[in-house]
Every structure is written in C-alpha cells, then in structure tokens.
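Chains as they are written, first to last, in the working numbering: chain V, 769 to 1244; chain Y, 769 to 1244; chain Z, 769 to 1244; chain L, 769 to 1244.
Derived by calculation from the structure, the hints in this document are not laboratory data. Glycine is no exception: its CB is placed at the ideal position from the N, C-alpha and C atoms. It is possible that some hints are incorrect.
Said to hold, decoys possible - Here are a few chain Z residues that sit away from chain V, every Cβ distance over 12 Å (derived from the structure):
hint: 1; residue: Val786
hint: 2; residue: Glu805
hint: 3; residue: Ile872
hint: 4; residue: Ser901
hint: 5; residue: Ala903
hint: 6; residue: His925
hint: 7; residue: Arg931
hint: 8; residue: Tyr932
hint: 9; residue: Ala1008
hint: 10; residue: His1013
hint: 11; residue: Gln1155
hint: 12; residue: Tyr1182
hint: 13; residue: Ser1193
hint: 14; residue: Lys1221
Said to hold, decoys possible - Sample of chain Y residues at the chain L side, in silico, Cβ under 7 Å:
hint: 15; residue: Pro783
hint: 16; residue: Leu804
hint: 17; residue: Glu825
hint: 18; residue: Leu835
hint: 19; residue: Lys884
hint: 20; residue: Leu961
hint: 21; residue: Leu1106
hint: 22; residue: Ile1109
hint: 23; residue: Tyr1110
hint: 24; residue: Gly1186
hint: 25; residue: Phe1187
Stated by the list, open to error - Straight-line C-alpha distance at most 30 Å; calculated BS3-like pairs for lysine-lysine:
hint: 26; chain 1: V; residue 1: Lys895; chain 2: Z; residue 2: Lys779
hint: 27; chain 1: Z; residue 1: Lys929; chain 2: L; residue 2: Lys1076
hint: 28; chain 1: L; residue 1: Lys884; chain 2: L; residue 2: Lys895
hint: 29; chain 1: Z; residue 1: Lys1076; chain 2: L; residue 2: Lys976
hint: 30; chain 1: V; residue 1: Lys976; chain 2: Y; residue 2: Lys929
hint: 31; chain 1: Z; residue 1: Lys895; chain 2: V; residue 2: Lys779
hint: 32; chain 1: V; residue 1: Lys1217; chain 2: V; residue 2: Lys1151
hint: 33; chain 1: V; residue 1: Lys884; chain 2: Z; residue 2: Lys779
hint: 34; chain 1: Z; residue 1: Lys1076; chain 2: Z; residue 2: Lys929
hint: 35; chain 1: Z; residue 1: Lys1227; chain 2: Z; residue 2: Lys1217
There are 4 protein chains.
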Amino acid sequence: MNSENFLLSEKIVSPSYVRQGSQARRGHEQLIRQLLEQGKCPEEGWSESTVELFLNELAVMDSNNFLGNCGVGEREGRVASGLVARRHYRLIHGIGRSGDIAAIQPKAAGSSLLNKLTNSVVLDILKLSGVRSVASCFVVPMATGMSLALCFLTLRHRRPKARYIIWPRIDQKSCFKSMITAGFEPVVVENVLDGDELRTDLEAVERKVEELGAENILCVHSTTSCFAPRVPDSLEELAAMCAKHNIPHVVNNAYGVQSSKCMHLIQQGARVGRIDAFVQSLDKNFMVPVGGAIIAGFDAAFIEEISKMYPGGWALLQCCLVASTSVFVFSHERLHDLQEIYSILAEELKRLASAHGERLLHTPHNPISLAMSLDGLQATSDKAVTQLGSMLFTRQVSGARVIPLGKEQIINGYTFRGFMSHSESYPCPYLNAASAIGITREDVALCIKRLDKSLKALKKEGKAARSPSPLASQNL
Amino acid sequence: MNSENFLLSEKIVSPSYVRQGSQARRGHEQLIRQLLEQGKCPEEGWSESTVELFLNELAVMDSNNFLGNCGVGEREGRVASGLVARRHYRLIHGIGRSGDIAAIQPKAAGSSLLNKLTNSVVLDILKLSGVRSVASCFVVPMATGMSLALCFLTLRHRRPKARYIIWPRIDQKSCFKSMITAGFEPVVVENVLDGDELRTDLEAVERKVEELGAENILCVHSTTSCFAPRVPDSLEELAAMCAKHNIPHVVNNAYGVQSSKCMHLIQQGARVGRIDAFVQSLDKNFMVPVGGAIIAGFDAAFIEEISKMYPGGWALLQCCLVASTSVFVFSHERLHDLQEIYSILAEELKRLASAHGERLLHTPHNPISLAMSLDGLQATSDKAVTQLGSMLFTRQVSGARVIPLGKEQIINGYTFRGFMSHSESYPCPYLNAASAIGITREDVALCIKRLDKSLKALKKEGKAARSPSPLASQNL
Amino acid sequence: MNSENFLLSEKIVSPSYVRQGSQARRGHEQLIRQLLEQGKCPEEGWSESTVELFLNELAVMDSNNFLGNCGVGEREGRVASGLVARRHYRLIHGIGRSGDIAAIQPKAAGSSLLNKLTNSVVLDILKLSGVRSVASCFVVPMATGMSLALCFLTLRHRRPKARYIIWPRIDQKSCFKSMITAGFEPVVVENVLDGDELRTDLEAVERKVEELGAENILCVHSTTSCFAPRVPDSLEELAAMCAKHNIPHVVNNAYGVQSSKCMHLIQQGARVGRIDAFVQSLDKNFMVPVGGAIIAGFDAAFIEEISKMYPGGWALLQCCLVASTSVFVFSHERLHDLQEIYSILAEELKRLASAHGERLLHTPHNPISLAMSLDGLQATSDKAVTQLGSMLFTRQVSGARVIPLGKEQIINGYTFRGFMSHSESYPCPYLNAASAIGITREDVALCIKRLDKSLKALKKEGKAARSPSPLASQNL
Amino acid sequence: MNSENFLLSEKIVSPSYVRQGSQARRGHEQLIRQLLEQGKCPEEGWSESTVELFLNELAVMDSNNFLGNCGVGEREGRVASGLVARRHYRLIHGIGRSGDIAAIQPKAAGSSLLNKLTNSVVLDILKLSGVRSVASCFVVPMATGMSLALCFLTLRHRRPKARYIIWPRIDQKSCFKSMITAGFEPVVVENVLDGDELRTDLEAVERKVEELGAENILCVHSTTSCFAPRVPDSLEELAAMCAKHNIPHVVNNAYGVQSSKCMHLIQQGARVGRIDAFVQSLDKNFMVPVGGAIIAGFDAAFIEEISKMYPGGWALLQCCLVASTSVFVFSHERLHDLQEIYSILAEELKRLASAHGERLLHTPHNPISLAMSLDGLQATSDKAVTQLGSMLFTRQVSGARVIPLGKEQIINGYTFRGFMSHSESYPCPYLNAASAIGITREDVALCIKRLDKSLKALKKEGKAARSPSPLASQNL
C-alpha cells in the first residue's frame, strides 16, 4: 500500500481509521529503515509479522516474481512445485553471479539485499558477542568443516610450499577431516591434563613449530567451543606464537558465538597476536535448520580473498533466507541469557552426581559444556556406561553424550586412542551435558530427572548382577 | 490415524464413510510404500498433498519433535523462530553424523530416511534420463563448483604428485575456479570452430597430455551442458583418451540431466572409456531453490570416497527436504517434455532472425541452448549489442544473454580473451536463449515479442544515429 | 518498502537493480489501485502473490497487529493458537460493530476495507454474469437457507399480517426449512411435466394467490438453479404476477451465478415485474470453503434494511477473507468457460445412455444439471437403481445423484411424495450429473468411465439374478 | 506411515531408530485416541504439531482429497485458489447435508468427525467451566445474535401466540436486535442501581409477566457477561420465576464461558428453576477469528430441535476447523488463569484512579469487566471524557471504552436514554476495562501507563483552558 492507495482507501472506509492503519504500517517500515540504514542487530528482536512482511517485500523485487517476467535462461527461479515457492516466500532465485558469491545478482535485487543485510547483521552480532574489532565476515553456504577447508585452500595460494597444519587435538571428526580434505597433513598435538581440565600443550606446539620449520606449516588450527573436560584452546598464547613465527592462525569457533568467553578469547588473541580467520556454524549459533557457516576475520582483504575462492554463487540464498528469519528476531537481550541456565545445569548436575557417588568435573574454563564422572557406574559393570547411553536415548534425552574409556578410532589413516575424550588416557569415563542456545529450564529439569532414574536402574541391575541370589536376577 | 483410531471413529460417524476415508488414506500409503520399497521416481508424480503428508510423517520420527524430548546437547534441532520450523515441516534436525555425510543420524530417523530416499530417487532419475549404468550418487549440500573441487581434492589423495587439470575451455567462472580452489593449475585448451559450433580440440588435448606427462595430470575436466555455439565436449573421445593414458576424468554436467543427449554422452563415455565422476546442479536440473549438487559415478567405491571426504554432516537436510518436494512430484513423463519447447524456440528464433537480417547459428549438437547472430545489429552502432542486453533486462526478459565481441577478463590471474564466447575470436556477436526445464510456451512467446520490439527500436535508433538530421537524434 | 527504504536499499545493492525491483512492486500496487478505485472484478485474475501481498498489507492496518497495541476489551483479536493467526493472514479482528454488519470497525481498518471491496467486487461479478441492473448486495456470514430466512424475517416487518409463502416445489431441504424457521407456512405448488422437463405451474400459483389473498402472502419464493429434469422457475411470469398483486418476490439463486441463463432470468424478471431480493451461495458460486451467502436486489434501500436486520457483526471477516482470495483471482474470462464442459458432459452422457438402452432426458432449460433415465436398469432388478448409487460412491464418483421412484419424506410435518424428484410422480428413475464451476474434462471422462463400468456390472448381475443357473448366482 | 511402511523403513535406516520414530508417532496417536474415545478437552493442550497432524489426517478422509476422485455435483469441494485449500488444510468440503446441520456428510467423513469432536470437546469445556449438568450443545455457524434469534424462532413453534420477550436492559445492539429480527416485541426492563452496581430489577420483571400474561410471553432473555457497572442478571431468581410461570428462559452468555462465576450462575439457575438454552460466542470464549456460536441447554431434545431448525448445513466446517485448532490446544489449566490478571487489573486501576482523583467503581459481581469513574475528568471540561476515548484510540489502547453521560440512541424504533451505560441515568461517566481470555500482564501494564499519560495530558489541557493566561493556551 503506497500513499496513493492509502488515499483511495480513505474514500472507502473512514479516513481516520485508514490513517491509523497507515501509521501502523509506518511502524514496520521504521524497523526496516533502521535495518537498511544501520545493518545492525535490532535492539528488540522483530516480530514474526515484520519478518514476513519484509521477506514478502524482498521477494517482490526479484525478477522471478515480476508480473510480466519471461525467462529463457537455464534457471530463472523456476520451481517444480508451488509448495516450495511458497515455503520460501517466493525467494527462489539465487544470489551472487556465477563464480562470485559476493557479486550482486541483477535478476534478484531483493535476494541480494537480503544477503548483504544478513552479512551485516551477523557481523554486528559477532561484535556484540565480544569480538569487537572483527573487520569483516560472510555467510558461506557450506558446513563448518568445509568452510575451514576453504580457509586452508585459500592459505595454500599464499604459502604454496607448506604441508602441515598444527592442530591441538579435539575429538570431532569434521574439523579433523577439513585438513585432510584440503590436502594437508594434520600434526596432532595431544592436550595436557590440568586438574580435571584438558588444555592446550603450548610447549608441544612450540616444539612442533621448531621441528617442522615455520615455512612448512600452513597454519595453526585451534578450537574454542568443545565438550568438557577439554577447554577452549589457549588462544592468546597460540596467537602470540603464530605472530612470532609468522604462521597463519585459523580458529574453529564452531558454536562459540553464543559464549562471551569464547568470543573474548578470539578478541584477545587478535589483539596480542595473530588470528587470520575464525569460522563458526550458522546452524549452531543461530538455531537455523540450514547448513552454513560464517567466516570472519580482522583483515577484510583476506576475508574477501577467501570469499573469492568459493567457486559458486547460487547456493547462498537459502542460508540467508533462513538466517535472516533468525538474526532479525535476535535482540541484544537474547545474547545474554545463556549464563543463567548454565549455572542451573551445573548446580543440578553437581547435586545429582553427589547423590550417586559421582562428581561434576571441575572445568571452569569451559563456558558451555559440563561433564560428570561415571567412575562409580563403571565399577558396577563393564557395560553399564554404554548402557547408560542407550537408556538416555530411549528415554528421549538427546545430546547427553556418554564417554567410555579406551575407545580407539581410525580416521583417514590416523589412529586416535581414547577417542571422544580428547585424550589418549583420560582418568575416568563421564557424561556430557551442555547449556547451549535455545535450551530451556524444562530441558534441564527433565534431563536430570531421567538421568537420575537411569542411574538408579543401572545400579540396581549392577547389584543384582553381582549378587548370587537367583531371585534377584529375575527382577531384571 | 492408525487402525485403532479408525475403529473408534466408526463409533462417531458412519462406519461405511470412515472406511472409505481409511481406504483413501491407504491410497497415499500405497504411494509411500512403493517409494520405500523401490526407491524410484514415481510413474506419476505425487500430488502436493501426498508430499506434505509424507514430510509431516517423517518429521514426527525426528527426536526434536518427540512429545517428551529434552535436549542438553549443542544443537538438538532448536529454532530461533517458529516461523522457520513450520516452513521446514519441523524437519529441523540435521542428517549425518559429525564428519560423515552418509552416516545415519540416530536423533533424526525421519530426516535420515528422507536423505536415503532422495539419493535413491535421484539415482533412478539419472538412469531414466540416460545414464543407465550409473552405479551410485549422492546429494551434496554445496554448489556445483565446490562439488567439483571436492572431486579434485579426493583425486589428489590418489595422485599426490599431479598438479595439472586439462580443461577444454568453457566460459563459466565457477567451474574454472573449482580447479584453482582445489589448488591445481588449469591447462586451458581452446575450442575449435566447426561451422558455427565450437567443439573440443581433441588433438590439442592429446598434445597437452604428452607435453605434461600423464602422471602429472590430476584429471581431464570436461563439460556437457553449455551455452551455444559451444557444444558439449566430445565425451566419448575424451573418455577413451583418459582410459588410454590412465588419467581420471571428471565431467561437469551442470544442467545436463534435463537433456537426454547430454546424459547419453556420459553413458557412452563410460562405456567406451573412463569417467570417474560426473557432477550436476540440484538447483538447475530439479528446479529447487537450494544450493546443492549431485556427485555421481560408475564406481560406487570411488563415489563413497568422495562422500567421505566431505567434512561435515549437518548441512544436508535442507537439500534433501527441498529436493524431495521436487523429485517426488517428478514423473516419467516430466522427463521428456523439453524437446518440444526447444523446437518451438528454435523455430521462432529462426523466423525472428531472418526478419531482422540475422540468422540462427547452426548448433545441432547443443540440445538446450540456441544462439542468434547479431552481426547486423552491431553494424548499426558499436554500442547496439550491449544496449540490447540492457533493453531486454528492462523489459523483464531474463536469461537472454547478449555476447559482444572481444571482451577480456582476468580470473585468478588467467586472462581469457573473447570472454563469454568460449573462444578467443568467435566470428560474430550473438544472443543466447535456452529451452531449460520449466520453461513454458508463454515464456517463448513473450521473449520473441520483446526481442522483436527491442531490435526494431535499436535499428530505428541506429538509423537515426547515422542520419545527418539533427532532429532525429533528439528523438533519442 | 516505502520510497525512503528503496532509496536506502540503493546504497546497498546497485541502484538500477533496486529501481527495477521498486518498479515491480509498483506493478502489484497498480493492481491494488485499480481495485480500490473501481471496486471491480479484475480483467485478469490476480496471481496468488498479489492476493497474499494485499492481504498482508490489510492485516498490518488492523489494530491487533499494531506493533505497540495493548487490549483491555473483551476480544481484541486474540487467538488461542498462532497457527490460526498465520492461516488467517493475521486478519483476526472482526468487522462491523456490535449489531451492525455494515458499520466500519475502527479497530480493523484493513478488514473493513476488505469487506467493502469484497461486496463491491461481488456486485460487479453479479452484473457481469447477467444481472446488469442489480443495485446492491452484501455478503452475509450465514448459509443460503438462513439468509433466505433473514429476507423473510425482514419482510415480516413490512407485512406483519402475512402468514404464507408461495413456493413452487423444489426438493431441497434447506430452502424449504428457511420458511419454517422464519415462522411462515409454506404453500407448496407442484410442478407440471412438460416433455421431460418439470416447470413452474403458473396457473396453480395464480390460483393460490387468489385463494389465500395477496395481503396474507408474505412473498413468492422461487428458484433458479436446480437439478434436472426440474428447470428454473418461470421468473418473468412470476415476477409479473407479483407486481400485479403487489406481493414481494424472493429468488433462491443458490448456485446460479455461474450460469448466464439463470442470471438472465433474474434480470428479465426484475425488468418486467418484481424481484425484491435474490440470494446465492458464496460457497457454491465462488468455490470457497466457507459458509456464506450473497443477498442482492434492485432496491438498495431494501437490501440495506435486510442487512440492518442481521443481529451480529463480528462474524463477517472469515467470509470476506476467504471470498476475497477467490473473487480477486476471478477474471472476466473465468466467467465464461462453463458452457463448453456442459456440452461435453451432455454429449458423453447421451452416448453412454444410448449404449445402455437409456436416454438423456431432454431438459434444454436447465443450464447446469443433466439427467439420464434409468428405466432399463430398474427393469433388471428392483434394487439396481439404489445399488448404482452405492457403486458410484464406492468408486469415488461424487455428486452423481441417483433418483429412485416413489420415495416419501416428511419435513417439519409436511409430506413430500416422490422426494428428490421435485414431483409426486415423475415417469422414470434417473441419474443426475452437473457441469458446475470448477469441473474439469478429467472429471467428466472419469465419471463416464466409472458409470459405464457400474452399469455393465449391474446388468451382468441382473441377468445372473434372473437366470435359473445356480452357477451364475455364485459369481456374485 | 502404517506399520508396513515402518517395516520397509527399517531396511533403509537403522531399525532401532525407525522404531523410536514409530513410537514417537504412537505418542501423537495416543492423544488422538483419547480424543476419539472420550471426546473431552485434553488434560494438557495439544501441541501445534499434533493439531496439524490430526487435521491433515482428517483431510485425507474427505472425498475431495481422494486421489482418484471425480466430481459431477454442484460443489464437490472445489476451490478457486490453491491458496485457500492449503490454508484450510484441504478441509474444504462442507459438513452436514442439505438442510440438516447434524447429519453426517458421506462425502466428508473427516470433516464430519471434526464436527462431532468439536461439539463434544466444547460440551466438556462447558462442564469444566462450571455448567456441570449441561446435557447437549452444538456449534452453529452464525454470530451470537443470530443464534439467539434462532432460539426464539424455535420457541415460536412451541408458543405460536406469544409476542413478547422480557429483557433486562443491556446496552449491546445485537442481542436487542435478535429479538426484533425474530419478529418479537422486546419488553425492556430497566436495571436498578445497587451501590455502584446495576442489577436485575426482579420485581419489575415479575410485574411485566403479570401485566402481559405468561402465555403471551415467548421467553425471558437474560444476560450474564456484560460491561461493569452492570452485573450479570440474577439468574437463579429469574429461572425460578420462569419455572413458576412456565415461561421459557434463554440466556445470553456471550463471553461468559471464561468466567466460572457466569457459568456457576447458569448451573444454579438450571438447578433451581428453568433455563431452556444458553448461547455463547465461539469467537470470544475460544479466541478464534470466525463467527460462530454455541447453543447449549439442559434438555437434549430441545437443543436438537433448535439444531434442526437451522436451514443449512454446508456452512459449519470453517467454524469447526478453526474452533478445533483452539479447543484442542486448551487445557484444564488454561481454564483457570484469568482470575489472576483480573486482580492485577483491578489493583492497578484502583491505584491509578485514586492518583487522579477518581475511583474504581465497586462492582464485585462482575467477574470480567471493571469500571473507573471519570467524574473529575468531566469536571475539567465537557469534552474531556470523549477526548479521552480518542486519545486512547490513537495511543493504541484497544477495548477501553469511555462512557459519557446522557447519550441517546434509537434502535429499530426503540429509544435508549443513557445508551452504553445500561441505565437511563447512571450517576457518573466512566471508563471500562476488562480482563478477558488471552489478556497478558503486558496489556495491563501498557494500558495503565497510557491511560495515566492521557489523563495527565487532559488535565493539563483542562487547567489551561480554564486559566486566563494566554500563554498557557498556546501550549495546546
């Protein structure tokens, strides 16, 4: 409804009512104006109706929705099923131009706008979350692992002779594979045990650098967010070391945007040393069901170089479409409500652990994930620990990982002993739980309740199994 | 509604009516059963209501939709906005497990099923379209270019010393960049002019192989679908050459699935020689607004190797979700209706060309794209050719590319003369139009009409410009 | 996106692309302007995207969607489930004000606008369909029967002493009940047989008027659309008679808007005589799944009187919302495509009838419904006619009614002999099929095919039943 | 997914995962089973996903969605726009059969089931809300006013000579008009002032009965929910009087379902005396954007008689569809959370009133609506009271009605002095606010804040207006 149409409407229903309606429209437009002007995360998250209004407006600007459009190219935003068009707000043209993800697509002004705004709001959120001096970022329509690989492939053009990537061990497959995929040799540096925590072995890293020669090392590949008892890598020290030896430094910040501690580590690392790029999941930090990542850094030119290395352009739209529905409803407030549930979860796990003769591992440097020992459980039966995993699965507790001792895993020819525990020999089996974005108090309460029941059931079984009474075993 | 609930319903409304309703349900279930049993493209495409029913059923199977679920992991299928959940049929958990795209995700049985079925139906469509002996394929949540890069990165592990990729020139950025991104040196082989057609210079390829040494060549990277007057590469001969020299062969089949000729070329290439993988766009062949590709091949083990090389697993769902809405509504019939519009477009363009003193280039080997010379137009004014492009853009004809002579472009340090024309010196400027999947007779009619108007307007302008009358020029 | 926001967008993506997008928006706005200006059925039906855009715009104007609204009244457009709000485009406030359906609702400017426009476009469609001199109409959120009752109740205030309504018989319950509900005594006038057709017995009507006295008659209640072999009432003659005796005349035009013949009858009746109101179904003429009717007439003051008689105001929105999605996509063309399928259906039924020894009843005055005799079928077995009905039901032929002879039905104390056949003694049993709005050639083809199969099966059964062979009967 | 399809799925993804998925499905089916078995309001409201699953299942049972259906009737559930079909879950056939709202529609088993279940759950909610002995109810697709008219029209058949309806005054148009529409003469009984409250003048009612003669009175038409300072009618006493004189009694319970006090009054009235039917808004009690009402009573036969009086049958579906999305998400808990906000609103209004020299009227018998005097405001200026209304409108406070003194209104020939105040001469002007279903604490807080601002602004203006200072008036 433009002003002309509002005027016409005043002839049909009372002018004062129409004017109030038109003013209400201006309310939404004001929010859109702020976004267009500032490109920042709104103070208050948008309502769904504003998001929908905006997406519908953008769709109208794309050529596939022009009322008189005809297409004779190889794609032209056609869809096999109207179902899909509607579900995507008719934003069904691609963005970017062949081979350049950052180029504006002439046929899709609305979608291109959405892309720019999404990148801009995401950059603002990175800043608000703690990396105040981040210079540039872009959403890339690939999983985190493949996005890390893209960073490594870009660095190869700068360091054609380098063959190694130094990597403080973290037991997660895709970040390991990202190095293999890119064609490099990972140099795994085992972590050191410090109390209950597993932290970066800085001396071992330094030794490796000297041993291999800085010029043969593509980069150091460190990690922030991880499962306890591993803690985020010592980014400041690693960054300083990289600066000293002139080695690039890429940080896997998978789901670290939601943690001000992880973000602070990156900010500090960049301040005192060198961080070339940090990569985070779109999915995990913004709760969107779409595979995408954000590649960010402190040198806009290098980030642009990575973006130019991405061979494709049409794949971006869905990421932005979905991301926008999320980041536009984020608010400043939203960014700070995780701490509270983390505390509740820690408190509750601690209470539960002590009730069952276990303990909450002391991992104060991990801001998201917690771990509870399962020593006692293991003592009851060899299989009890893995059984606990199955029981939690059956009882619909999702995300609570059980880590037994001594598992061995071969990935792309590399053998990891004690796999899943980030260590060749962690002292005890344990269970992980995390307070990640979107978790509710109800999730915590239900998880604790079902964990309690499962532990009790297993201990009863364990006692029964060890007891000679034939009767008892019938109770199973 | 299970049978128990149908029985209960019979107490509420007349049993015979309920039974007819239950039988109607069985109709949908029958279609689902066939899909589950055979994993094939349905004879008749599904209706939207069957697709929605099935997606809703699958969603119910995913843990994030369990009525009593609680989650304490780092993701757990949470969403920032309900809007997104609904638009995605609540299929918002990822598929695959960390680092393995093909692994079943325990928390997402429904989504995993969708993934398997999508891959299976896509494989069937590849066969039906002409590559009868294809052994395996998978949907990968990355653009075509990045997917080609993934193939090259996988081959590197097999041929660690190879540095070159032989590439018959095609002027499309992302497939060129895919080689750069993967860290290889593209060896560009110019095409030869044969009548109006630009086709593979087989002798030049052979010369390059000998010059560089087969062992230093990672692979030959050929192309099927392309803009006229270039035609699909001579796949049979290239495949035979690759077999002879023991060089891998990767085919960029971007939007070739829709053409039985392109698919036949691949089938024949594999029969008489060597094709290791062929890669096609999900978006372009199946008309879905999502960035994805299909990597397929004749050796299931090698395709699996590529799939294992992909470092990520969560990004796949959206591809499958969207792809499924498309491939399930495809039918056998659907696969064969392009030929007709191609003929109409060719006919109409020919008529138009002759009316304007131009001609339809004779490119019988290109089954999708057509080209019309713009010699005459260029003669009227230097700028007329590019002006035509703008006019078509303004008149909402999308996809009709105008190719002027002599454009130069530098990509990643390589200079391409005559860029966009696949040739350093094509004899004439021209305009492209394609009959790609989803095009309608209305598209063709409108395009021809507007093209006609634009050409007339430009010629009038041209005459005016060449005329000495000062008055005429004011009419511009 | 207002002009300010478009300007801001030009700083983010290329101005020329944004301008084209903004121009595209103007395309939709132009359509909306025309609607607001003229209030007429669009020449070309709107696309779904324009309809959605407009409804979203209107929703923004309603107070329940104001960004800063707070409500302390008894309703305020709240919803129990977001699901409902979205499905209704957030148009969830009522229209009208307590007790006055036509009053503008200050809190719902958008919805009120929608109401006015819907009424206006519907009026235009009534004119285009043939009632050129209709003066006024309004959508009323009640079924046709209740809407007829409302007309009678309004007339009561003008003719407080009148107790009778004269009603040429049509065997449809709700129009009969509408008279009972309103508290009047229906005077049923049997139809006369004229060839195969059943038409109004004008002399009997005249006799009844004289017998009862014009002042004791509330109105004549006639019918247009009906099942063959009944044909539309002789409206011209009835209207003239009403004018002569000064008796009001209400026409039940249930699904007659789709027939130019029915509409022409009304136009002619009003021209030569008296028609006070004609009532039609929203559902049946505009294919919308909502219970509503349109009350129309030639004297705007009387139509307003009826509208003021409706005690309620909040119930209208859904009718308008749903109606608008339909009437806005109607086009002039749409209004004239029924004739063709009617001819096909007649042709096919005729062929089928003669193949089975039956005949298509000759009912040229019924423009929508057709009837095929079932004499022969009845001869094979007593139950065969009703069995045919069940078979068609089971074979998913819906809407094909089978009319056996001699059914008796009591409604509100009145006994109808030969119920369903509009006559106490129609000469033969028959089957009805109609060519109503929305029917497709596929419907006709499938119906004929299944009807053929069913008739064959029944005849086979019939022969078997009459045959003495014990074997044959086992084949049942 | 039936069991066969689950089994097939187990061959595609891991059986244990599929089994968990199938079990999850059973969770939803269990809820559906309970509904089908008991027909009651669920203990815990359903999630949106269960509602959608169920509606989709029902749609599959309707003939318009049969995969092989063909239709040759006059309606057959066709739609003009797919948009509408989807928005209505493809439930687009009607329910009921021509002329009988309660009859099962053979072509729409799913929709018919929905109708029965909706009526059943609504009945349960009426019981849970306090009318424990209600015997029967049905949803009728008409506004409350028209539904009241239907009750009166039904009673006419029982009391053909009765002309009057006795009606304790309540200033709401549609319930007044319902009597006019049905063709009766309303006998308005003014209320008596009791403290601040306006309550039923029982003696006046008794006098009227005697004056007019019980046999000439169709019924007493009383009201529960209303705006303060009027309070619900004295139902017990009225019901007893009706029983004594053998006069029917119809209660307008417009938005009273949400109040246990209103419901208790009805229950008590029926226990000690006579209540024939009570009518409530679907829209207002269940927060659904659809015009519908619920007619309920203690004698199932009489309620059926009313239902049979409704001439129509196709109009019901939308009511049920929309109602079901609401009533299925209701829970027992939901029914009891209004009291708290009522207390907050009362508290806040009281505080505000005393701060502005006004007072909260003492109306303890009105459980929903509150009133605050505006004596002081009126004293500042004659127009101040109506100005306050405009200010609140402009400041987006909806539902807060301002009642000035001495307004006169003529409705259908009847003159109401002091209209809107339920009294010819209420002692003071006042403002209404209500705590109705769906209201939030934010609504209350915002309303109080804006009301405070408006009152301050008006008083400042008032002072300025009365002040002689020329300067002050410039501040306006």
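Review point. Which hints, by number, does the structure contradict?
Key: Those not satisfied are hints 1, 2, 3, 15, 20, 21, 22, 23, 24, 25.
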